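Turn these sequences into a full structure, and let the hints steer you where they fit.
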Amino acid sequence: MLESFIFSLLNGVLYGMLLFMLASGLTLIFGMMGVLNFAHASFYMLGAYCAYSISQYAGFWGALVLAPIVVGLVGALTERFGLRNVHKHGHVAELLFTFGLVYVIDELVVLLWGRVPVDYNIPGILDFTLFSIYGSDFPAYRGFILLVAIAMFGAIYVLLVRTRVGMIIRASLSHPDMVGALGHNVPRIFTLVFAFGTGLAGLAGVMAGNYFITEPGMAYAMGPIVFVVVIFGGLGSLGGAFVASLIIGLVTTFAVGMNYSIADLLAGMGITFGQDSVLGVDLSRFGLMLPYLMMVLILIVRPRGLMGARES
Amino acid sequence: MKYRLHLLTRAAIALAVSMAFASTTALAAKDTIKIGLIDPLSGPFANIGDLGVKGFTSIADHINEEGGILGKEVEIVPFDNKGSAQESLQNLQEAADEGIQYITQGLGSNVGNALVDGVEKHNRRNPDKRIIYLNFAAVDPALTNEKCSFWHFRFDANSAMKMKVITDYMADQEQIKKVFLINQDYSHGQFISKAGKELLAEKRPDIEIVGDVLHPLGKVKDFSPYISQIKSSGADAVITGNWGNDLALLVKAGAQAGLDVNYYTYYGSLVGTPRGIGEAGKGKVKTITEYQENLAVTKNLSDLQEFQENFEEKYAPLEFNVLRTKTEMEMLAKAMEKAGTTDPLEVAYAMEGMTLETGLGKVTMRAKDHQMLQPLFISTLSEDYEKYDAEGTGLGWKTNIEIPADETAVPSSCDMERPPRS
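The listed protein sequences correspond, in order, to chains H and A. For the first sequence, the working numbering assigns the number 1 to the initial residue and increments by one for each residue that follows. For the second sequence, the working numbering assigns the number 1 to the initial residue and increments by one for each residue that follows.
Rather than coming from a laboratory, the hints here were simulated on the basis of the structure. All the given hints hold, so there is nothing to weed out.
EDC-like mimics (lysine to aspartate or glutamate), calculated; alpha carbons at most 20 angstroms apart, straight line: (1) A/K282 - H/D137; (2) A/K284 - H/D127; (3) A/K147 - A/D415; (4) A/K82 - H/D106; (5) A/K54 - H/E107; (6) A/K282 - H/D127; (7) A/K219 - H/D106; (8) A/K82 - H/E107; (9) A/K282 - H/D119; (10) A/K221 - H/D106.
Bear in mind the structure is a predicted one, so any value in this text is a computation, not a measurement.
Right, here's the structure in full:
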């Protein structure tokens, strides 16, 4: 029992951290610019594919540095020549723009890299067992993912809260005119924020692409759950995204390990149901539905999410 | 005003072009045999549909080079069903409107079930424009049992046959003591879970089923919690009907956690999967198929090797490993030649009980339920392969055992209604 608890804890934290790497960029862009970027997971996919291509020449470490920069550049161009023009037509136009972008990036990836998954692997130097507990191995690469995610959280936090750049960025959102009057180029700040956010998605892609599989469906698979994290944690709140990622990672992982049903639980209390009824279905089969259920519930009870700053 | 004129001229041009186009297709229709291929060409499973189009087109080209069927050219007409049963029925209607009388489909038994109903209905209403449905991969046993139809022919071994063969093989492996079943939570996975448990209990009562898990289809990103379960259960073999990423991610997560089990899979060699699995599957992933590329080497089939190599040259990194699609087209050709016509009713009767030599052995289209019986092979993804590796992974499929066609058969409850011949 303790054994499976420890495993679920480790797995849950890791999955949560991966989610956070993706969600941080999304929540940042929303928090700073008010743009809900539907294409965020597509930038994540782009990050994985860029990492694959770059790692052919510069190795994994080169890819780790360069791929997020490339994705960030693509993000900057998207903001400068796409979103900025759409921005004046309001939020619906922005939403539709990023929605369209999802398909454009999807098709581009298929055109450039094909439909078959690419052979993007964990670097040899990180391909060993960090430690073993109860006979199960904990791979070093997982430890590395955890490390990167925590470093990322720290770096973003310091950048936004402790530096002048962060102050200007935050001020640009709430008082754009004032910041502009003080001589700062507000549109350029927005471009930078968007580039930074998409770059973070790219970094998540670099880290997850070889851990999972780099294939054209990966954006589609990750898109919905990232939104759940961001909404659950509170749109725009970095701390919220962090907590929500961990909660969702842990809940999904623990639920999957539960091989008993609500009916079993009730049977323990002396109430019996047929095993064929809905209550007789193993909890593990509900595991992946729980995050969505949690999102619906939090929208009802606390619409701004766990730590969301605004009501809307 | 200028704008309107513009619009009118454009409309006129469009009309002229489409009429010209329509007349050429009408002309072409007379001396081509069109086969509608209904599979997902967009969305998450587009890679599988795409491979189907390329495979069938190559086979059709091959047949055409050899003089076609009854002197007519074969043409593959792809329809995108987006993976949906509903869309597939619309595709069926479109195909019928184009005068297509042969359709083929593979991905998804939900689509297969809808198409069987759709074709039955269509053929009742349009006895002069009947359609035959050639199924190359929808493996729900129902399609050749309670839902069997005279107009449906299945060229892949169905799920019950594959499970029979897998459990026969497992029963012979003395070292297997504990088996874990993990499957996708829908009809296909549920069937495997049920049939696997029943057959193992019958053939090797000493084998302990240490786990039986269903997980959501295509939604799991991180399989580590499931791997922990398998690991703590002490299983030495895993049976799974998972396909696509659900299989690749499972095996990858297993390798990362140092899980040492053999995976008995249905779809280990499906397009994209060997690449997704990579090194993690070395010596561990077994699959049951009617073919894998290295069989052309071990069986000395130089024509097939040439076909495969041409295909790979043209479409790399895609590979041709679905021999049953080639068998399907060859059997259709043979049935048309035998019937001396392309009329679906006559062709369907000709195909009943028909046999064909594929190089791997004799295959038979069983008349009772229109289920093809063919030799099956269990192979392992291994470093020690004969010639062709799988998707450039440096690992290839190595045959463990060959199961003759008659040993793959399972009884059918089919009692189909045969239309009268004129």
